[in-house]
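S.K.: Residues per chain, in single letters:
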Amino acid sequence: MKVERQIRNDHLARIEGKAGVVVEIGEEVKAKITVTEGPRFFEMITRNKHYEDAAAICPRICSFCSIPHKLTPLEAIENALEIEVTEQTKQLRNMLYFGNMVESHALHLYLFAIPDYLGFPDAFSMAKEYPDLMKNGMELKNFGAMVQNILGGREIHPENAVVGGFGKLPNQQDMENIKKAAEKVKEAAIATVDFFAEYEYPSYVNMPRNHLAIKPYEGYGVYGEEIVASDGFSFHVSSYKEHIKEEVVPYSFAKMGKYKDSPFMVGALSRLVLNKDLMDGTAKELVTSYEKFLKAENSFANNFSQAIEIVYFTEKIMEMAENIKIKEEKRVMPEKHDGKGYAVTEAPRGLLIYEVDIQNDIVKYMNVITPTAMFLPMMELDAKKMAEGMWNDGYKDIDLVGKKVEMVIRAYDPCISCSVHVIKL
Amino acid sequence: MRDKMKLKIGVHGLTSCYGCQLKMASIKELLEVVERFDIEYWYMASSKGEIKHVDVAFVEGSVSTAEDEKELKKIRENADILVAIGSCAIHGGVQGMLIGEEYKEIFEEIYGKYEMDFEGRIGEPIKNYVDVDYFLPGCPPEEEEVVYYLACFALGSYPEEKDYPVCSECRRNGYPCILIEKGEMCLGPLTVAGCNARCPSHNVACIGCRGPLPYNIAWFDSLAKTFKEKGFSKEDVRKRMEIFGKQYEKMDEMIEKVFEDEGGETDQE
Numbered sequence: 506m507k508v509e510r511q512i513r514n515d516h517l518a519r520i521e522g523k524a525g526v527v528v529e530i531g532e533e534v535k536a537k538i539t540v541t542e543g544p545r546f547f548e549m550i551t552r553n554k555h556y557e558d559a560a561a562i563c564p565r566i567c568s569f570c571s572i573p574h575k576l577t578p579l580e581a582i583e584n585a586l587e588i589e590v591t592e593q594t595k596q597l598r599n600m601l602y603f604g605n606m607v608e609s610h611a612l613h614l615y616l617f618a619i620p621d622y623l624g625f626p627d628a629f630s631m632a633k634e635y636p637d638l639m640k641n642g643m644e645l646k647n648f649g650a651m652v653q654n655i656l657g658g659r660e661i662h663p664e665n666a667v668v669g670g671f672g673k674l675p676n677q678q679d680m681e682n683i684k685k686a687a688e689k690v691k692e693a694a695i696a697t698v699d700f701f702a703e704y705e706y707p708s709y710v711n712m713p714r715n716h717l718a719i720k721p722y723e724g725y726g727v728y729g730e731e732i733v734a735s736d737g738f739s740f741h742v743s744s745y746k747e748h749i750k751e752e753v754v755p756y757s758f759a760k761m762g763k764y765k766d767s768p769f770m771v772g773a774l775s776r777l778v779l780n781k782d783l784m785d786g787t788a789k790e791l792v793t794s795y796e797k798f799l800k801a802e803n804s805f806a807n808n809f810s811q812a813i814e815i816v817y818f819t820e821k822i823m824e825m826a827e828n829i830k831i832k833e834e835k836r837v838m839p840e841k842h843d844g845k846g847y848a849v850t851e852a853p854r855g856l857l858i859y860e861v862d863i864q865n866d867i868v869k870y871m872n873v874i875t876p877t878a879m880f881l882p883m884m885e886l887d888a889k890k891m892a893e894g895m896w897n898d899g900y901k902d903i904d905l906v907g908k909k910v911e912m913v914i915r916a917y918d919p920c921i922s923c924s925v926h927v928i929k930l
Numbered sequence: 002m003r004d005k006m007k008l009k010i011g012v013h014g015l016t017s018c019y020g021c022q023l024k025m026a027s028i029k030e031l032l033e034v035v036e037r038f039d040i041e042y043w044y045m046a047s048s049k050g051e052i053k054h055v056d057v058a059f060v061e062g063s064v065s066t067a068e069d070e071k072e073l074k075k076i077r078e079n080a081d082i083l084v085a086i087g088s089c090a091i092h093g094g095v096q097g098m099l100i101g102e103e104y105k106e107i108f109e110e111i112y113g114k115y116e117m118d119f120e121g122r123i124g125e126p127i128k129n130y131v132d133v134d135y136f137l138p139g140c141p142p143e144e145e146e147v148v149y150y151l152a153c154f155a156l157g158s159y160p161e162e163k164d165y166p167v168c169s170e171c172r173r174n175g176y177p178c179i180l181i182e183k184g185e186m187c188l189g190p191l192t193v194a195g196c197n198a199r200c201p202s203h204n205v206a207c208i209g210c211r212g213p214l215p216y217n218i219a220w221f222d223s224l225a226k227t228f229k230e231k232g233f234s235k236e237d238v239r240k241r242m243e244i245f246g247k248q249y250e251k252m253d254e255m256i257e258k259v260f261e262d263e264g265g266e267t268d269q270e
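Protein chains in written order, with my numbering: chain A, 506 to 930; chain B, 2 to 270.
Everything labelled a hint here was simulated from the structure, so no lab data went into it. Only a predicted model underlies this, so the values are computations on that prediction, with no experimental measurement involved. Hints are not guaranteed to be accurate.
Listed next, the in silico EDC-like pairs over lysine to aspartate or glutamate satisfying Cα-Cα at most 16 Å (straight line) [said to hold, decoys possible]:
id: 1; chain 1: B; residue 1: K240; chain 2: A; residue 2: E557
id: 2; chain 1: A; residue 1: K633; chain 2: B; residue 2: D39
id: 3; chain 1: A; residue 1: K765; chain 2: A; residue 2: E730
id: 4; chain 1: B; residue 1: K9; chain 2: B; residue 2: E36
id: 5; chain 1: A; residue 1: K845; chain 2: A; residue 2: E587
id: 6; chain 1: A; residue 1: K640; chain 2: B; residue 2: E36
id: 7; chain 1: A; residue 1: K691; chain 2: A; residue 2: E644
id: 8; chain 1: A; residue 1: K763; chain 2: A; residue 2: E752
id: 9; chain 1: A; residue 1: K640; chain 2: B; residue 2: E33
id: 10; chain 1: A; residue 1: K640; chain 2: B; residue 2: E30
id: 11; chain 1: A; residue 1: K633; chain 2: B; residue 2: E143
id: 12; chain 1: B; residue 1: K163; chain 2: B; residue 2: E143
id: 13; chain 1: B; residue 1: K49; chain 2: A; residue 2: D515
id: 14; chain 1: B; residue 1: K247; chain 2: A; residue 2: D558
id: 15; chain 1: B; residue 1: K49; chain 2: A; residue 2: D621
id: 16; chain 1: B; residue 1: K49; chain 2: A; residue 2: D904
id: 17; chain 1: B; residue 1: K71; chain 2: A; residue 2: E557
id: 18; chain 1: B; residue 1: K7; chain 2: B; residue 2: E33
id: 19; chain 1: A; residue 1: K841; chain 2: A; residue 2: E589
id: 20; chain 1: B; residue 1: K49; chain 2: A; residue 2: D782
id: 21; chain 1: A; residue 1: K830; chain 2: A; residue 2: D679
id: 22; chain 1: A; residue 1: K535; chain 2: A; residue 2: E893
id: 23; chain 1: A; residue 1: K633; chain 2: B; residue 2: D262
id: 24; chain 1: B; residue 1: K29; chain 2: A; residue 2: E644
id: 25; chain 1: B; residue 1: K235; chain 2: B; residue 2: D262
id: 26; chain 1: B; residue 1: K53; chain 2: B; residue 2: D81
id: 27; chain 1: A; residue 1: K800; chain 2: A; residue 2: E893
id: 28; chain 1: A; residue 1: K633; chain 2: B; residue 2: E162
id: 29; chain 1: A; residue 1: K595; chain 2: A; residue 2: E730
Label-pair ranges, simulated between beta-carbon atoms [to be verified]:
id: 30; chain 1: B; residue 1: A152; chain 2: A; residue 2: P626; range: 39 to 49 Å
id: 31; chain 1: B; residue 1: K29; chain 2: A; residue 2: D898; range: 38 to 48 Å
id: 32; chain 1: A; residue 1: Q864; chain 2: B; residue 2: K105; range: 22 to 32 Å
id: 33; chain 1: B; residue 1: E236; chain 2: A; residue 2: A702; range: 34 to 44 Å
id: 34; chain 1: A; residue 1: K908; chain 2: B; residue 2: Y130; range: 45 to 55 Å
id: 35; chain 1: B; residue 1: G175; chain 2: A; residue 2: G724; range: 36 to 46 Å
id: 36; chain 1: A; residue 1: G531; chain 2: B; residue 2: E250; range: 44 to 54 Å
According to the in silico footprint, chain A covers these stretches of chain B (three or more CB under 8 Å from chain A) [said to hold, decoys possible]:
id: 37; segment: 6 to 18
id: 38; segment: 31 to 44
id: 39; segment: 66 to 74
id: 40; segment: 99 to 111
By construction, the Cβ of each residue, glycine as well, lies at the ideal position given by its N, Cα and C atoms.
Bound-form chain B, shown alone (with noise of 0.2 Å):
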């Protein structure tokens, strides 16, 4: 007998690296934590395959195929809240560096010789296509992040999405500032928070993989200014952001504002 208590969830996965399904795996107490759960689907764990109807489905990567995006829509169909999970599927991932003309020429020099039997596409957020109810970054998301959204399904409520910086997690840490010691460039003040500056904390400058910070609300007035006094130019910052986040729909008013004098002028390269 089904418990009419437990809630249903679907995990699924798009283009990606399956590192958010295999994140999920390996929560520590996975058998404990997949108990209090009925799992009606998990494309990479289980091969019972039917989507159907649940409360909650997981969806990680990016849509890149026709399948994709006809799968994303029935998953959306019989989902009640829909999470999008990790940066593939939050800003179309590392593959969705390639845009336009440069993912045609691409993709015909690779398969373009060869009648095959699907379309590739550039690879898109899902939100491109379908409602996404709550976002859970990370490439991969932390273990304590996914188990916190889990539980706030769990106990009918809902997840806290974070709106301010690595940087604030790197400064509570203490950890020396890489940016301003090193002069490396760490995207730290522009990267949504969640991960409690792991890069950081091994001294290695932050890539930027859990993708811009959302809602516009960047350090702009402390950190961010700091891109430029350590010479970097805009075009270095872009560079590096789009290697995450190259369809963020903000990167452009983002980075005006990193490189904003005092006055409000923007910076004249």
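Bound conformation, chain A alone (with noise of 0.2 Å):
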């Protein structure tokens, strides 16, 4: 193909991790995403670990969701070994991971994404022009450190999340402590859906997506073992490798992951057109109220869903701190010391699996595909149909669409680092 133009973009800047975008535009126009980010080999380097050290390892994947690095293997260890954790484990880690939607929604949102609105190169500079709107995102961020701090034992890489349950358990005054935070930053929380709720999206990404989101075991939780596709079809995390398959591309150290052959779309926007429904509170008001900005053909929606979630998941911290009843208990240790095990959780960026096979406590094989893998290749489609859209209405300013490409990218906040961990399937 004789390229005509083309626009290229080694550093995609606000974004974790390290890629770059490349649209050539000729009779047809193609897009790529290029992941630069070295690999990093996380399922070799757990190899042959005690199982507890290959948990510790497994955050390092990625800083911004290391919470749901270390939960999912940890449940995907739990089962294979048989460990049933206590009721109270079980909340305590749903608020920990809550804690983590909140943190990494407000700073992908705040550090990230809001300048691409607001027409900034970065927060920074933008927190000169707008302090309050900045104010907003701080005190989210905040909180969602405070909650993995305490629960976590450190809000990256939380080490105090091990097998069978807690090293140290929070006391009632944090739980005080937690939800006095919560309150304080709702309206935060509101203003961000708010923030969201005034833009109108480029209609050049419209397209029908096929979304795929977990089916929680309770409310609009975190946890699951069951995968739902919005083309109506289902699956039990232990069948993943037939239906979400990895590919190689030349000029990317990323997989590509597809369902059904196609690329699909998971996170905040896939978990909303898929179970809003279970959601309640103010939260629900609002989706319903700002029902129109909930629109499953357009990945920028994917912004305005993670606001929501803000808001749901403070919330859900506030009642949860608010209503339990901390009391000591043990870490569950294991029995068994073989196994294999599976585990499926939402991660802020979508759905993350884990397979892990123990033999004798040490970890015989792990695999890991992770929320970006699953939806490289439909940021990459988003990225090509915006730039065809354009170029085709007449933008000829090269400069103009490459921001508008770069921004449908960021609207997916794609997590580089944890794309480039791949073994083999």
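Dock chain one against chain two, each of which comes alone in its own frame, and use the hints as you go.
M.R.: Here it is as structure tokens:
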């Protein structure tokens, strides 16, 4: 193909990790997301390690989702060794996970995405003109970090979450503090939704999309074992390899996920599209009154969906912290030393799958499929649609087209470190 | 107009989890802190993207691709002071566990049948490629440490690196010793301090995420001896230390010394 114009940005800023985008415009429009972050082979470096050490290595896949990359392998390990954790552990893990949702979404929206909407290169320059807006973002981020600090022992790489429970349990005063902090940021959470409910989505990226999300055990939760798709199909996590295939492309260290041989979406938008009826409280009211912003066919709706989720998870944390009565209990230690286990959870960016095979307490095989690896092909398609639509509509300013292409990529909140972990399936 | 009094800083990420940059971005009073500096470059946070001269450059991540190396060298050329931040930049990170033939085999196994546009490399510490002025350890570093380093540079001073083990912080806080009381392999005696014994404070054994102690100054004469008493072998200790310190040059010496007899002879296993 004769390339008439090319958009090339080797440094996609304001995303987690290192990636670029190349769009070629000729008779047709082609787009590639190039992932240049070096491969880190997590499935290999966890091999032949004690399961507890392997679980401590996994969070290092990605700092933004280090909580999901701890809690999901823990669940896979516990499933493998048939450990049934206590009700309290489940609740506290949920709370920890929700805290990560709030922080990760707040960081993404305020530090990475909103500068696009308001035309700034970064949040720091934006903060000078929109101090109140930034303050909201910082408050939400700090709240999420606080929950992770208390329950995870650290906001990044949570060493307090261990196989069978927690190293150290929080106390009742911690819960009280969390509840108060949640009350304080509720307004900021709602303001985030209001912000996104003012923007129209570029129609260039409207297209039918297959969404995948978990069928939660409870409410609009992050734990489950069944994966549902918007085409009506569903499958158990243990058969993930039959339904989600990963491919290698030469221009990227990340693998590209396909569902039924086609690109698909996961993440906040997919969760809302499939599970919004499981929501309750203020988030439910907001999503109902702003329903026209929840567009399954447009990826920009992902930012709005993240904002709704900030409200939901903040409110849930508040309720849980208010109702829980912490009691002293010990970690549940396994009786078994061998087994295979699977786990799937909803990480901030979407489905996260872990598979583990343990023999004599040693991890013999681990496989991870991350949300970003799943939605990369769809993100590429959106980049192409955006460039193509604008070009055909007469926008010949390549910088402007490039900016919009970046914006649609950023709407996904891609996590590049997560995507380059790969092993051959 | 640029404020000439403000220090120019750059923040860069090579191959990593981006946790060190996230830690920097998560400083509670972030907006006040960034006011005091001119942020010329922040890979993760800004689309202003050109590496130019700065007073201080922070680099997280290991060198794992040819692009990483090129970028790192450019950062070095343009920075008066270069700080390696976090375990990946200092020791290669957990990805640094794969070295030598094993790396080649695994790369071949995964990407081998494809013609990749890029070259993958063993994750190496940045000091293997450029001169490093300061090391800020942690996985990730603690907020106070990041602020301390920033404050030192802003005041025209320089940060002092810690030369004592996690154990000393643990003892000072009076946490029960995990190695002695639970017999679990806690790497506190061999790991550089600064986290205020975060994991032991949660009743979790230190995994050595901040990296082996520098200057060969572990607590050989006291707690480190406990490994042997508790029945751990050299290999046990090595295996755990290698998670974050596989490429540490003094690993052999350190382990030999941990298992050395009082008389100075090494233990016969």
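S.K.: Would you mind marking each hint as holding or not holding in the structure?
M.R.: Checked hints:
Taking the CA atoms of K240/B and E557/A, the gap is near 13 Å; set against the 16 Å cutoff, the hint holds. Of the supplied pair hints, the one linking K633/A and D39/B holds, its CA atoms being roughly 14 Å apart against a limit of 16 Å. A threshold of 16 Å between alpha carbons decides the hint, and for K765/A with E730/A the separation of about 19 Å lies outside it, so the pair is violated. A threshold of 16 Å between alpha carbons decides the hint, and for K9/B with E36/B the separation of about 11 Å falls inside it, so the pair holds.
Distance hint between K845/A and E587/A is fulfilled; the C-alpha atoms sit about 10 Å from each other, no more than 16 Å. Using a Cα cut-off of 16 Å, the hinted pair K640/A and E36/B holds, with the two alpha carbons roughly 15 Å apart. For the proposed pair K691/A and E644/A, the alpha carbon gap of about 10 Å is at most 16 Å, so the pair holds. For the given pair, K763/A sits about 8 Å from E752/A by alpha-carbon distance, which is consistent with the 16 Å threshold.
As the CA atoms of K640/A and E33/B are separated by approximately 11 Å, the hinted pair is consistent with the 16 Å bound. As the CA atoms of K640/A and E30/B are separated by approximately 10 Å, the hinted pair is consistent with the 16 Å bound. Under the criterion of a C-alpha separation no larger than 16 Å, the hint pairing K633/A with E143/B is inconsistent with the structure, at around 27 Å. A distance of roughly 13 Å separates the Cα atoms of K163/B and E143/B; the hinted pair therefore holds under the 16 Å criterion.
Proposed proximity of K49/B and D515/A is supported: the alpha carbons are some 13 Å apart, at most 16 Å. Taken as a hint, the K247/B and D558/A pair is honoured in the structure, with Cα atoms around 15 Å apart against an allowance of 16 Å. About 13 Å separates the Cα atoms of K49/B and D621/A, which keeps this hinted pair within 16 Å; it holds. About 14 Å separates the Cα atoms of K49/B and D904/A, which keeps this hinted pair within 16 Å; it holds.
A distance of roughly 37 Å separates the Cα atoms of K71/B and E557/A; the hinted pair therefore is violated under the 16 Å criterion. For the suggested pair K7/B and E33/B, the alpha carbons sit about 13 Å apart, so the restraint of at most 16 Å is met. For the suggested pair K841/A and E589/A, the alpha carbons sit about 12 Å apart, so the restraint of at most 16 Å is met. Distance check on the hinted pair: K49/B and D782/A sit about 41 Å apart at the alpha-carbon level, beyond 16 Å; violated.
Distance restraint check for K830/A and D679/A: the Cα-Cα separation of roughly 11 Å lies within the 16 Å cut-off, and the hinted pair is therefore satisfied. Annotation: proposed proximity of K535/A to E893/A holds, straight-line Cα distance about 8 Å (limit 16 Å). Taken as a hint, the K633/A and D262/B pair is broken in the structure, with Cα atoms around 62 Å apart against an allowance of 16 Å. Distance hint between K29/B and E644/A is fulfilled; the C-alpha atoms sit about 9 Å from each other, no more than 16 Å.
For the hint pairing K235/B with D262/B, the CA-to-CA distance comes to about 13 Å; that is within 16 Å, so the pair holds. For the given pair, K53/B sits about 11 Å from D81/B by alpha-carbon distance, which is consistent with the 16 Å threshold. Among the hinted pairs, K800/A with E893/A is inconsistent with the structure: their alpha-carbon atoms are about 21 Å apart, more than 16 Å. Distance check on the hinted pair: K633/A and E162/B sit about 34 Å apart at the alpha-carbon level, beyond 16 Å; violated.
Between the alpha carbons of K595/A and E730/A the distance comes to roughly 15 Å, so the proposed pair stays at or under 16 Å and holds. A C-beta distance of roughly 26 Å is found between A152/B and P626/A, which places it outside the suggested range of 39 to 49 Å. The supplied range of 38 to 48 Å is met by K29/B and D898/A, whose beta-carbon atoms lie about 45 Å from each other. Checking the proposed 22 to 32 Å range against Q864/A and K105/B shows it holds: the Cβ atoms sit about 26 Å from each other.
Checking the proposed 34 to 44 Å range against E236/B and A702/A shows it is violated: the Cβ atoms sit about 59 Å from each other. Between K908/A and Y130/B, the C-beta spacing of about 34 Å breaks the proposed range 45 to 55 Å. Taking the beta carbon of each, G175/B and G724/A are about 41 Å apart, inside 36 to 46 Å as hinted. A hinted range of 44 to 54 Å holds for the C-beta pair G531/A and E250/B, which are about 52 Å apart.
Remark: the segment 6 to 18 of chain B is confirmed as covered by chain A, as 5 of its residues place a Cβ nearer than 8 Å to a Cβ of that chain, reaching the required three. With 6 residues having a beta carbon nearer than 8 Å to a beta carbon of chain A, the segment 31 to 44 of chain B meets the requirement of three or more and the stated coverage holds. With a cut-off of 8 Å between beta carbons, the segment 66 to 74 of chain B has 3 residues touching chain A; three or more are needed, and the interface restraint holds. Using a Cβ-Cβ cut-off of 8 Å, 5 residues of the segment 99 to 111 of chain B lie near chain A, which meets the minimum of three, so the contact claim holds.
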